[in-house]
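A.B. asks: When you get a sec, could you build the whole thing from the sequences and use the hints?
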Amino acid sequence: MIESEASRDFRAEVIGQRSVAPDHHIISLRPLGLSSPPAPRAGQFYLLGTGDGLDPLLKRPLCFFNSDGDTIEFLYRVRGKGTAILSNLQPGSVIPVLGPLGNGYPISARDTDALIVAGGTAVASVYQLILGLGRKARVVYGARGRDDLFMLDEIKSATRELYLSTNDGSVGTQGTVLDVLRTLEIARGTTIYACGPRGLIAGVQAFAEERKLKGWASLEEFMACGIGACMGCVCKTRSGYKRVCKEGPVFPLSEVSL
Amino acid sequence: MNLQVNIGKLTLKNPVMTASGTFGYGEEFSEFYDLGRLGAVMMKGISLNPMEGNPPPRIFETPCGMLNAIGLQNVGLKRFIEEKLPFIRQYDTKAIANILGNTPADYVKLARALDGAGVDGIELNVSCPNVKKGGIAFCADTKMLGRLIKKVRESLHNAVLIVKLSPSVGDIRPSAKVAEDEGADAISLINTIPGIAVNLETRRPVLANITGGLSGPAIKPVALRMVWDASRTVKIPIIGMGGIMTGRDALEFMLCGATAVAVGTANFIDPLSAVNVVDEIERYMTANNVEDVRELIGSLQT
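Those sequence lines, one after another, are chains R and E.
In terms of my numbering, the first sequence opens at residue 8 and continues consecutively.
In terms of my numbering, the second sequence opens at residue 25 and continues consecutively.
Hints were generated in silico from the structure; no laboratory data involved.
The structure presented is a predicted model; accordingly, all values stated were derived computationally and were not measured.
Here a beta-carbon is modelled for each residue, glycine too, at the ideal position from N, C-alpha and C.
Among the hints, a few may not be true.
[Said to hold, decoys possible] If we take Cβ atoms under 8 Å as the criterion, some of the chain E residues that face chain R in the derived model are:
| no. | residue |
| --- | --- |
| 1 | P79 |
| 2 | L180 |
| 3 | P241 |
| 4 | N291 |
| 5 | D294 |
C.D. replies: This is the structure in structure tokens:
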């Protein structure tokens with residue numbers, strides 16, 4: 008292991024692990040052997056190893072959620088073998104990590120207003136963006152039900168306005184984020200940031216096209232190397248296949264081809 | 025202590041290479057270590073014209089391995105020579121270009137251009153299972169394969185010629201023999217093994233291409249056996265690959281008859297894999313009083 012001040016290839020110790028909802032966890036990691044770990048930007052991700060064994064073989068990509076001093080945190084849903092193992096890692100366990108990877112959400116000083124649209128666990132991807140933009144942004148956050156909404160208090164205090172929607176109507180508007188978006192007054196020049204399931208992104212893209220708004224979407228794909236070498240994680244865009252780990256995960260909203 | 029090995033007239037500083045398709049053209053990994061630490065870099069396959077590749081999903085993890093159906097996405101010959109080759113040339117390692125085509129004429133054009141551009145070796149990809157035409161057809165028919173190798177051989181002046189063999193033929197020995205007969209400097213094996221992953225929820229294949237190539241630790245026993253078969257069939261050097269994660273794995277391939285090895289999927293698990301394999305081979309040699317790594321080639325006792 009080549010140790011250095013700021014390598015993106017390092018080992019990390021599990022400092023904390025907590026469940027925030029059924030199948031949803033927050034894991035906190037402290038990078039080891041790095042005197043100044045590269046600081047992640049909102050929208051970037053890390054590849055987390057599940058251990059040093061041969062199965063599961065590949066690391067799991069999780070979006071950077073939060074940092075707390077020298078620890079980095081990930082809010083994630085247990086979807087399969089790899090995330091199940093991650094969720095059972097006890098404090099003190101050490102795993103290999105690669106990151107931060109990918110581009111982040113572009114923020115321009117010229118942007119006057121922003122609208123952040125997130126679905127379910129995908130709020131993890133935009134959380135730092137929400138904290139960073141603060142009152143310059145409004146947030147539209149939807150999920151299936153109450154159990155799939157996270158960090159509501161923190162988001163409410165950071166953002167100018169928080170709109171919630173749930174499919175089951177248990178919190179906020181009954182319906183989807185699109186239902187909420189259609190009711191909003193949106194100023195020309197507002198930048199939209201979207202992260203969530205494909206259906207959400209497709210809907211936001213169509214909405215943005217209708218209202219002539221520009222924006223950014225964060226995508227995900229199965230990944231192997233995470234650094235742009237294997238060409239495994241491409242997504243289709245209007246300018247051809249692009250690597251989600253390298254040209255992404257954040258792409259211009261109008262470019263994605265779902 | 026000697027780690028040098030020869031592939032034809034090419035001398036590698038050590039037997040460790042990186043496998044085509046797993047290392048791009050070197051750029052991404054140069055962030056993590058000096059590529060000059062490697063014996064050679066086998067770069068992503070090049071076609072005459074740029075290729076887009078397959079639609080996603082292109083990859084999927086399987087037990088102790090993964091399937092890939094990248095579909096040969098590459099920048100094409102022109103951009104390779106103009107941008108990618110100069111990059112790898114900055115490092116003190118051998119640069120091996122991997123080439124693919126639909127017709128023998130394609131391969132010859134590529135080989136001539138790359139030989140002229142100064143690559144150290146050309147690896148013929150006649151075994152890629154991921155496209156519908158070309159590729160698999162050559163390696164499945166030994167006569168066709170022989171004619172192809174002969175044509176490419178005649179067109180090369182400097183670069184060594186390596187033929188990459190596919191496990192999908194079942195018995196590797198006829199293709200190994202044909203490669204040697206037609207003048208290849210070496211053979212490399214194995215390429216990936218065709219496989220499928222099924223999504224039971226959607227009742228569809230996981231990969232957009234349906235089939236993909238299986239790689240990783242799961243295929244090592246198959247790869248070792250084919251290297252062993254090939255080593256008892258030909259005298260030309262064998263570059264062994266298939267699930268090499270550690271120096272120990274690499275040494276197992278050498279014992280079975282490989283002169284050199286290529287690290288592939290392991291690069292996705294740990295970007296330092298290939299250079300760790302070099303270090304681990306050195307440590308093994310020191311610990312076991314092996315003065316020259318070549319003593320180990322084909323030394324499996326049966």
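A.B. asks: How about D294 of chain E: closest beta carbon in chain R under 8 Å, or not?
C.D. replies: holds (7 Å)
A.B. asks: So, as I understand it, the hint says P79 of chain E touches chain R; can you test that by seeing if any CB pair is closer than 8 Å?
C.D. replies: holds (7 Å)
A.B. asks: Quick one, is the L180 of chain E hint okay against chain R at 8 Å, beta carbons?
C.D. replies: Result: violated, 27 Å to nearest chain R Cβ.
A.B. asks: P241 of chain E was flagged as interface toward chain R. Is the shortest Cβ-Cβ separation under 8 Å?
C.D. replies: holds (5 Å)
A.B. asks: Once the shortest beta carbon distance from N291 of chain E to chain R is found, is it less than 8 Å?
C.D. replies: Holds - the Cβ of N291 of chain E comes within 8 Å of chain R, reaching about 7 Å at its closest.
When each numbered hint is compared with the structure, a violation occurs for hint 2 only.
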